[in-house]
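Chemist: As a plain string of letters, each chain reads:
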Amino acid sequence: MVNARVVEIWVGLFIAGGIAALFVLAMKVSNISSFSKVEGYELTARFENVGGLKKTAPVTIAGVRIGRVGEINFDDTTYEAIVHLNIDKKFDKLPTDTTAGIFTAGLLGEQYVSLEAGGEENYMKDQDEIKITQSALVLEQVIGQFLFSKASEGGNGGNN
Amino acid sequence: MTGWLRYLGRYGLHFFERLGRASIFLSQVLLGLPRLILRFRLVIQQLYFIGVLSLLIIVVSGLFVGMVLGLQGYNTLVDFGAEESLGVMVALSLVRELGPVVAALLFAGRAGSALTAEIGLMKATEQLSGMEMMAVDPLPRVIAPRFVAGVISMPLLAAIFSAVGVIGGYFVGVGLLGVDTGAFWSQMQAKISWSDDILNGVIKSVVFGVVATWIAVFEGYDAIPTSEGVSRATTRTVVHTSLAILGVDFVLTALMFE
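Just so you know, the protein sequences line up as chains B and V, in that order.
Note that my numbering numbers the first sequence so that position 19 is 19, with each residue one more than the last.
Note that my numbering numbers the second sequence so that position 37 is 37, with each residue one more than the last.
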């Protein structure tokens, strides 16, 4: 029988170790801080097609992450997707004519929203809408267009 | 034909009878919990036997499981030029599945069998009857502290298993195979969410803790009080706990990660 003091110390170490492991998983593995709602403001953008964009996808400008995608809704009068973007409050100097596009990270990676700053002197505020947007590239459509143009080229070549 | 049916019926009746007894047993243990707060020292003692003494096997297995995942995952991912995703693969499989499940299986082998054997022997040597003679109810005095300690230990052990496994994967991936250390961690952090992955893993391990400890203490308490009965009960604990954990894991996974 181990004496009681030693037992208690070991149990204390065990519980502390378990909680530390959970803490490591939370901070180091899942990076909980970047998932909690950051202080900031919200912009909206309308897209014809959001492709595979998902909630919490990154919002970047010049490749730097400045926020995350919030809700994605559908407007049934204009048949467009409304994407809410939660932007960190540090980045509050986006010109009002900023444009938004949906791109894919790498060939098969996840989709993200990329902003491109315009030249206006006024800055975007909370609940403003990004006017100029570019839809997600749907691979099938691109391939379809490519094949179509190739086919018509081939047709022309045959005529000449 | 009837003989076969009769055998099946007897087996079914026996199964449900035991399940009923186990449920009544569990409710009695749970009712005894409030009295346990006055004697928390008993729980600490059991935490030592169940949790602390399981640490060695949990840490070593976690390290090696993580290292093997790193090694095998790298071989597959490198073909697609996606070896930076190694961190995601290792951490996701550990946190969601392997951490809770393998830790629970090891827990059943290391701590569950010991619990059953201890309680079974207490019964066989009439220590439990002796307590009853002295007007001490053995359920809150003997069973409840072990049950609580098992339920507390299991999530802690699973978390340690996962964390050590990630470190093992890091050793192999970054140290041995030359995956970029920044990409390893940043991809992991980008793809793994606290609420969806880690919290669900913790919920799983709590459920496994309840299942494994419940089976272990019940088998011990319900054992036939002979040396053969105790040995059979110990075997049953390990087998039934492993089966129950794998079954429950499938159900929980189906519910959590649709």
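In case anyone wonders, no lab produced these hints; they're calculated from the structure.
Just so you know, these numbers come straight off a predicted model, no measurement behind them.
Note that CB positions come from ideal geometry on N, CA and C, so glycine has one too.
Hints should not be assumed to be uniformly reliable.
[Said to hold, decoys possible] Only part of the chain B face toward chain V is listed, based on derived beta-carbon distances under 8 angstroms: (1) 7; (2) 10; (3) 17; (4) 18; (5) 22; (6) 29; (7) 30; (8) 61; (9) 63; (10) 64; (11) 116; (12) 117.
[Claimed, not checked] The calculated PhoX-like cross-link candidates involving lysine-lysine, where the alpha carbons are at most 25 angstroms apart (straight line), are: (13) 90(B) - 131(B); (14) 125(B) - 90(B); (15) 191(V) - 131(B); (16) 54(B) - 191(V); (17) 55(B) - 150(B); (18) 55(B) - 93(B); (19) 93(B) - 150(B); (20) 125(B) - 54(B); (21) 28(B) - 55(B); (22) 150(B) - 89(B); (23) 150(B) - 191(V); (24) 28(B) - 191(V); (25) 93(B) - 191(V); (26) 55(B) - 89(B); (27) 54(B) - 28(B).
[Claimed, not checked] FRET-style restraints, in silico, Cβ to Cβ: (28) 121(V) - 39(B): 54 to 62 angstroms; (29) 27(V) - 77(B): 39 to 47 angstroms; (30) 16(B) - 171(V): 58 to 66 angstroms; (31) 103(B) - 26(V): 27 to 35 angstroms.
Chemist: Need the list of violated hint numbers for this structure, in ascending order.
Modeler: Failing hints, ascending: 8, 9, 10, 11, 12, 15, 17, 19, 22, 23, 25, 29, 30, 31.
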